[in-house]
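Engineer: Chains as they are written, first to last, in our numbering: chain A, 1 to 314; chain R, 1 to 314; chain Y, 1 to 314; chain U, 1 to 314.
To be clear, the hints were calculated from the coordinates, so they are not data collected in a lab. None of the values given here were measured: they were computed from a predicted structure. Any given hint might turn out to be false.
In this list, chains with the same sequence are indistinguishable; a pair is considered to hold if it fits within one copy or across any two.
[Said to hold, decoys possible] Derived DSBU-like pairs (lysine-lysine); straight-line CA-CA distance at most 30 Å:
id	residue 1	residue 2
1	K240	K50
2	K71	K50
3	K244	K233
4	K80	K50
5	K50	K244
6	K50	K141
7	K233	K50
8	K80	K141
The lines below spell out each chain.
There are 4 protein chains.
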Amino acid sequence: MSVMRLGHINVRVLDMEEAVNHYVNVNGMIQVHEDPVGNVYLKCWDEWDKYSVILSPSDQAGMNHIAYKVKDDSDLDSYKQRIADYGIEVEEVPAGTLEFVGRALRFTLPSEHEMYLYAEKEYVGTAVGTTNPDPWPDGLKGAGVHWVDHALLMCPFNPEEGINKVAEVTTFMSEVLDFYLVEQVVVGPDGAFQLATWMSCSNTPHDIAFVGGPISGLHHLAYFLDDWNDVLKAADVMSKNRVKIDVTPQRHGITRGYTIYYFDPSGNRNETFGGLGYLAQPDRPVTTWTEDELGAGIFYHTRELVESFTTVYT
Amino acid sequence: MSVMRLGHINVRVLDMEEAVNHYVNVNGMIQVHEDPVGNVYLKCWDEWDKYSVILSPSDQAGMNHIAYKVKDDSDLDSYKQRIADYGIEVEEVPAGTLEFVGRALRFTLPSEHEMYLYAEKEYVGTAVGTTNPDPWPDGLKGAGVHWVDHALLMCPFNPEEGINKVAEVTTFMSEVLDFYLVEQVVVGPDGAFQLATWMSCSNTPHDIAFVGGPISGLHHLAYFLDDWNDVLKAADVMSKNRVKIDVTPQRHGITRGYTIYYFDPSGNRNETFGGLGYLAQPDRPVTTWTEDELGAGIFYHTRELVESFTTVYT
Amino acid sequence: MSVMRLGHINVRVLDMEEAVNHYVNVNGMIQVHEDPVGNVYLKCWDEWDKYSVILSPSDQAGMNHIAYKVKDDSDLDSYKQRIADYGIEVEEVPAGTLEFVGRALRFTLPSEHEMYLYAEKEYVGTAVGTTNPDPWPDGLKGAGVHWVDHALLMCPFNPEEGINKVAEVTTFMSEVLDFYLVEQVVVGPDGAFQLATWMSCSNTPHDIAFVGGPISGLHHLAYFLDDWNDVLKAADVMSKNRVKIDVTPQRHGITRGYTIYYFDPSGNRNETFGGLGYLAQPDRPVTTWTEDELGAGIFYHTRELVESFTTVYT
Amino acid sequence: MSVMRLGHINVRVLDMEEAVNHYVNVNGMIQVHEDPVGNVYLKCWDEWDKYSVILSPSDQAGMNHIAYKVKDDSDLDSYKQRIADYGIEVEEVPAGTLEFVGRALRFTLPSEHEMYLYAEKEYVGTAVGTTNPDPWPDGLKGAGVHWVDHALLMCPFNPEEGINKVAEVTTFMSEVLDFYLVEQVVVGPDGAFQLATWMSCSNTPHDIAFVGGPISGLHHLAYFLDDWNDVLKAADVMSKNRVKIDVTPQRHGITRGYTIYYFDPSGNRNETFGGLGYLAQPDRPVTTWTEDELGAGIFYHTRELVESFTTVYT
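The task is simple: from the sequences and hints, build the whole structure.
Structural biologist: What follows is the structure in structure tokens.
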């Protein structure tokens with residue numbers, strides 16, 4: 001496995017000033033750059049690369065692209081070949097196409113999302129440095145999120161018409177990009193259809209997740225917090241800032257993580273995800289959630305899906 | 001990287017009944033097997049393989065061997081060659097040599113510790129299963145540890161006589177076994193000597209650690225707990241059971257983790273290690289602790305080493 | 001002030017077996033007695049008096065009575081006089097009328113709830129004893145609640161028709177029973193009407209609370225938990241036991257406490273209330289919540305009342 | 001009981017600049033006043049009266065006086081009589097003798113500490129206000145302590161010579177000032193001697209505590225924190241500020257509270273005390289710690305007294 005992690009996500013926002021205020025003062029990111037066309041670049045205090053979120057001005061919320069960082073530059077050549085061999089068109093873009101990023105591969109996932117792979121991004125360092133570091137820096141704002149942890153992408157799913165982009169993209173991620181399946185929701189007779197999958201390229205329960213819905217889109221981007229107490233603080237911060245909370249602090253059955261779902265001012269769903277959950281490993285058996293317990297999988301305490309979970313996204 | 005994790009550790013104990021009581025009722029492990037010569041095998045509730053600790057009756061405490069699990073059986077062939085090429089004698093032992101374990105490689109680290117690599121161990125499953133699992137099982141005992149997380153091995157270190165087994169074993173782990181260096185302590189003029197290293201084969205801050213001392217030995221084996229609150233519960237459990245605590249709940253500067261150091265009845269040091277700390281990655285720059293801040297690296301709150309840290313081990 | 005605390009609450013349940021299972025295995029109370037007519041008496045591990053909840057078989061859920069313990073037997077004489085002087089009929093019942101309880105006063109609050117005052121109840125001790133006690137006992141079940149903390153009583157409220165039993169009972173509790181007002185919600189023009197009050201006879205933010213609604217009833221009885229982490233554990237326990245949760249873990253603006261609202265099998269609302277909130281004191285100024293921020297007062301994270309809060313009670 | 005709480009404590013410091021830095025940036029208090037002779041007055045964010053700590057410049061650390069607030073002005077008359085009747089000289093000082101404070105009683109405890117009682121202090125309000133308040137304010141510094149919670153005073157204790165000022169002051173506090181005994185340590189044959197007592201005038205496990213030692217002095221003043229997690233944050237803050245920690249985060253057996261003992265730059269011991277512990281009540285039986293378990297009473301995890309506990313104080 002040589003995809004290391006989610007490198008950044010490019011999100012469209014309707015009002016840049018409001019958006020920056022949200023990502024800085026609520027989430028606690030740091031603005032590091034603004035490019036000539038008005039895209040704003042931000043990083044979390046515990047990340048060492050230049051940025052992990054790009055906000056792009058637009059009249060429609062949603063995700064432009066998601067980018068993963070691979071370990072070595074040579075991995076790009078290998079993945080380029082494997083993606084092409086799989087039958088997906090892949091383009092190599094030169095260094096600087098993504099600002100502060102080296103050469104990259106661009107392609108469209110079977111779920112219709114644009115993805116980049118890259119091996120180099122300008123290094124700037126975490127807020128605590130590499131010599132005798134403190135465990136956390138002074139002056140954190142808002143929820144003080146550590147890093148962008150994962151994203152959940154909505155994928156066209158209509159098994160009656162033979163459409164299941166969740167299954168398709170899961171196969172692609174596994175066979176071509178070396179992710180492995182950690183948890184899944186199966187529905188239909190004998191659990192015939194993968195409605196949702198959580199996949200890892202590391203040892204966390206998910207570096208990316210896919211859920212079926214009417215159309216392709218962004219369900220949420222998630223930030224890491226240490227634990228349940230930091231989730232409480234995050235919820236308090238959201239209340240102080242009048243952030244619209246979709247789902248208040250609760251445990252996911254899937255991943256065991258502690259969640260808050262909430263919206264940025266443009267309606268893009270964010271998540272603060274607390275705790276490791278468990279250490280994912282390639283030989284850990286896949287956890288399967290059945291249709292009757294799907295609610296408990298997503299929201300362990302209520303054991304019921306809120307309607308907004310599958311219908312509201314960007 | 002195809003070493004996945006610490007698979008098990010074989011620890012010598014002076015009184016088996018007391019030892020089993022400690023590992024079961026204090027740590028919260030489950031006894032799964034006893035072999036004809038009196039070795040007792042235990043697992044944690046959140047582990048899926050058959051066991052992660054072997055207790056062996058002895059008249060001297062300490063570690064017999066440490067074993068890591070690799071991803072694929074073919075990795076064993078590859079590592080066998082690489083170990084031999086490095087100039088270290090390596091023996092392949094047949095399946096069953098380690099009970100419930102497939103064929104394995106046995107060799108001695110430059111730090112004089114015996115290590116095994118294996119790819120297969122009997123699967124028994126976690127206590128919560130793989131279908132619609134609860135986040136934790138009922139009936140946990142003691143601290144309810146999740147899994148064996150890492151071990152810290154003491155290595156001969158005497159730079160005045162040109163001896164630094166920490167540096168030697170770190171090089172071996174990196175060049176041959178594909179671990180990567182995450183944090184280090186350097187001492188001496190211009191930090192010339194690696195006194196201690198923390199290395200990962202996954203995305204946790206350490207799957208193994210090495211510290212210099214007068215002789216080779218076991219400093220501690222560590223269990224994972226979710227967070228600071230579980231560390232408090234563990235400390236309460238230890239008090240109830242009159243466990244000898246070496247270092248009460250405190251944060252490590254190194255790894256940021258929450259620790260308790262304590263001893264099993266034979267004097268082998270255990271650790272409950274709480275929290276992820278941070279997500280280690282191959283491109284995350286190595287954190288370096290200098291000699292003057294070594295104390296804060298080990299014990300962040302007191303910023304001072306307790307003498308027992310480097311002198312008491314088995 | 002010589003009312004010390006909520007001594008017990010008598011709740012009606014539809015199915016005693018299910019109810020006992022809930023109060024024992026979910027809440028973690030201990031059954032201590034069953035009387036000849038089928039009432040079941042329970043206590044929490046951290047309480048020293050004989051019981052704090054009486055479950056009474058009935059075909060309608062709700063509260064029969066609520067009882068507060070006063071400091072000295074002579075307080076009963078004083079309160080008897082003061083209640084009568086206030087114009088409320090008060091009856092003295094002999095020892096044993098309430099099982100294991102000394103002589104008591106019985107009267108009806110302006111809010112139509114039956115209340116008892118008593119000075120003596122059989123002492124049985126906490127689960128950890130009084131000599132060199134551990135901080136918590138082994139073998140706790142479910143949420144392991146510490147004690148019955150408070151109750152919230154619904155009071156007829158219809159200001160258009162000149163009815164405000166919240167204000168009436170608040171005045172009574174203050175003038176006659178020496179409770180003091182800690183927080184309040186005011187509504188209407190210039191906040192003319194007390195819609196809800198939180199009152200203390202100790203140093204906790206509330207020993208009793210009153211909220212206006214269409215009819216008199218029991219909104220909830222609440223148990224104390226140490227903190228936000230114990231609230232998480234409680235929510236997990238509820239999920240495991242398929243308890244119907246009304247409001248998942250969230251902070252109250254009022255009292256700052258951490259709440260879960262959930263229902264016993266008969267539909268009586270329970271609460272686990274985590275944390276001290278703050279130390280109430282007679283000279284601490286009353287906190288007032290205005291109509292426009294009422295939602296944030298009750299549910300600080302969503303800042304919105306759920307409809308069930310004011311319409312569903314027993 | 002009409003003593004409500006510890007109102008303030010007057011501590012002597014050797015270097016005012018260093019001291020203010022400590023009480024503001026480590027503890028998180030707010031400087032509210034400096035008087036003409038250089039005394040500095042501070043309050044915590046969650047207190048509503050003008051100040052709770054007075055720092056006085058001196059060449060010797062320690063406590064000048066401790067002051068408790070009573071509920072009503074008329075209580076002062078009552079207590080004046082009772083103190084005098086008990087045989088202790090008591091002086092009434094006019095309003096303003098203590099800055100921002102009304103008339104007060106001044107007397108010396110049997111333990112040789114100077115104590116004030118007062119009923120009025122200038123009201124300034126908490127940092128979150130009284131209308132629709134947030135649960136915590138923005139911009140907190142350091143540990144962000146809530147309030148001054150209690151103090152522990154060292155009392156001459158030499159039973160061989162018939163000296164036990166712990167017992168004497170405990171009797172006085174109980175008989176004259178209406179405090180009640182919550183926990184005690186007894187030593188000697190048949191536990192004949194009260195070595196230490198914890199007393200409450202509210203519902204917290206201690207508003208004042210007394211421990212026997214060679215001479216009279218101040219053992220520590222303690223601040224309230226919500227829970228174990230805030231204690232961790234406080235310890236991290238201390239490390240960042242290079243504060244000398246006496247005892248790292250640990251549970252007290254006595255009171256069940258979570259402690260850190262640490263020193264201000266002058267050597268006065270401070271404590272962050274986390275959690276309610278339990279709700280003290282006049283009818284809760286006294287908890288007694290015996291000589292053989294004294295260590296567990298003070299430090300529940302190690303079950304051993306550190307030598308500094310009884311020998312180092314100001």
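Engineer: My question is about K233 and K50: at a cut-off of 30 Å on alpha-carbon distance, are they close within one copy, between copies, both, or neither?
Structural biologist: both (26 Å within a copy, 28 Å between copies)
Engineer: Could you place K50 and K244 in one of the four classes (within, between, both, neither) given a Cα distance threshold of 30 Å?
Structural biologist: within (29 Å within a copy, 37 Å between copies)
Engineer: My question is about K80 and K50: at a cut-off of 30 Å on alpha-carbon distance, are they close within one copy, between copies, both, or neither?
Structural biologist: Classified as within: same-chain Cα gap 24 Å, cross-chain 40 Å, threshold 30 Å.
Engineer: Is the C-alpha distance from K71 to K50 at most 30 Å within one copy, between copies, in both cases, or in neither?
Structural biologist: within (16 Å within a copy, 33 Å between copies)
Engineer: Are the CA atoms of K244 and K233 at most 30 Å apart within a copy, between copies, both, or neither?
Structural biologist: both (16 Å within a copy, 26 Å between copies)
Engineer: When no copy is named, should K240 and K50 be tagged within, between, both, or neither for a Cα gap of at most 30 Å?
Structural biologist: For K240 and K50, both the intra-copy (29 Å) and inter-copy (26 Å) Cα distances are at most 30 Å.
Engineer: Is it within, between, both or neither when you check K80 against K141 at 30 Å Cα-Cα?
Structural biologist: neither (40 Å within a copy, 50 Å between copies)
Engineer: As a check of your reading, is K50 near K141 (CA-CA no more than 30 Å) within one copy, between copies, both or neither?
Structural biologist: Answer is both; intra-copy 19 Å and inter-copy 29 Å each pass.
Hint violations for this structure: number 8 only, all remaining hints satisfied.
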